[in-house]
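Fit chain B to the given chain A structure using the hints.
From first to last, the protein sequence lines are chains A and B.
With the numbering used here applied, the first sequence covers 1 to 112.
With the numbering used here applied, the second sequence covers 1 to 114.
Please note: incorrect hints may appear among the correct ones.
EDC-like mimics (lysine to aspartate or glutamate), calculated; alpha carbons at most 20 Å apart, straight line [to be verified]: (1) K44/B to E57/B; (2) K36/A to E40/B; (3) K56/A to D78/A; (4) K62/B to E18/B; (5) K99/A to E52/B; (6) K67/A to D26/A; (7) K71/B to E52/B; (8) K56/A to D69/A; (9) K44/B to E63/B; (10) K93/A to D3/A; (11) K99/A to E57/B; (12) K36/A to E41/B; (13) K70/A to D54/A; (14) K36/A to D83/A; (15) K68/A to D54/A; (16) K99/A to E41/B; (17) K93/A to D56/B; (18) K44/B to D56/B; (19) K27/B to E68/B; (20) K36/A to D58/A; (21) K99/A to D26/A; (22) K99/A to D56/B; (23) K44/B to D3/A; (24) K93/A to E57/B; (25) K44/B to E5/A; (26) K44/B to E38/A; (27) K67/A to D54/A; (28) K44/B to D26/A; (29) K93/A to D69/A; (30) K70/A to E5/A; (31) K27/B to E72/B; (32) K71/B to D56/B; (33) K67/A to E5/A; (34) K68/A to D3/A; (35) K68/A to E5/A; (36) K99/A to E68/B.
It should be emphasised that the hints constitute simulated quantities derived from the structure, not laboratory data.
Just so we're clear, the structure is a prediction, and the values are computed from it rather than from any experiment.
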Amino acid sequence: GEDVEQSLFLSVREGDSSVINCTYTDSSSTYLYWYKQEPGAGLQLLTYIFSNMDMKQDQRLTVLLNKKDKHLSLRIADTQTGDSAIYFCAESKAGGYNKLIFGAGTRLAVHP
Amino acid sequence: NAGVMQNPRHLVRRRGQEARLRCSPMKGHSHVYWYRQLPEEGLKFMVYLQKENIIDESGMPKERFSAEFPKEGPSILRIQQVVRGDSAAYFCASSSGSENYGYTFGSGTRLTVV
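This is chain A alone, in the form it adopts within the complex (with noise of 0.2 Å):
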């Protein structure tokens, strides 16, 4: 089955780094993807991983990928109030095309 499940909401201090985590289930998944939607707008793809790594970085955000547990991470680094959103971790598959499963997304707040 297709399934993607994040948790709902974290607040973190402006500064400290964020970490927000994903697990699925679809083990023949093949890209993971971190999207970031502020209020009132579209989706932003961040990054994306494919299934045969384990980590991503690219600037502030790091990506782990543990597949043996099919959970996946999103680490930002020096959490600045502009990277208050919402982030959806989604699964695909290769081949024919894109159809992305997402999950419910993750509400992060940040603080001063």
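Showing chain B alone in chain A's frame:
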């Protein structure tokens, strides 16, 4: 190079009316996807279209909903006889079909049924 353009941004309809949501894909993209986001939920896949063809409509409700992507013009998501439960944000995304790293979303149309 404009991104994925959706209009209108906000749409208010009375129960029983029709809603038409438009999506213009990015230049050079011939694949369009529609997703629906209910309040406090993630996005749910509705339909995938290529020019003049519906490829996968497994996420579309069986009644009242239809989608098209004509040879010329934008993709249209049509909801007939809207009900309050149709109130949601509807997002369109497009791709060239060759990417495996996600695709570009529009800003969405927020439909409110009163």
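Is it true that the CA of K70/A sits at most 20 Å from the CA of E5/A? Given pair K70/A, E5/A holds - Cα atoms ~11 Å apart, limit 20 Å.
Given the hint that K44/B pairs with D56/B, test it: the Cα-Cα distance must not exceed 20 Å. Holds - the C-alpha atoms of D56/B and K44/B are around 13 Å apart, at most 20 Å.
Does the structure keep K93/A and D69/A at a Cα separation of 20 Å or less? holds (18 Å)
Sort out whether D58/A lies within 20 Å of K36/A, counting only the CA atoms. holds (15 Å)
Is K71/B within 20 Å of E52/B, Cα to Cα? With a Cα-Cα distance of about 6 Å, the restraint between K71/B and E52/B holds, given a limit of 20 Å.
Satisfaction of hint between D69/A and K56/A, Cα-Cα up to 20 Å: It holds: about 17 Å lies between the C-alpha atoms, which stays within 20 Å.
Compare the distance between the alpha carbons of K36/A and E41/B with 20 Å, and conclude whether the hinted pair is satisfied. holds (14 Å)
Do the alpha carbons of K99/A and E57/B lie within 20 Å of each other, as the hint requires? The given pair, whose Cα atoms are some 11 Å apart, holds under the 20 Å limit.
Need the status of pair K93/A, D3/A: alpha-carbon distance at most 20 Å? The given pair, whose Cα atoms are some 13 Å apart, holds under the 20 Å limit.
Hinted pair K71/B and D56/B, Cα distance within 20 Å: Holds: K71/B and D56/B sit about 18 Å apart, inside 20 Å.
Compare the distance between the alpha carbons of K68/A and D54/A with 20 Å, and conclude whether the hinted pair is satisfied. holds (11 Å)
20 Å Cα cutoff - pair K44/B, D3/A: holds (11 Å)
This entry satisfies every hint, going by the numbered hints stated previously.
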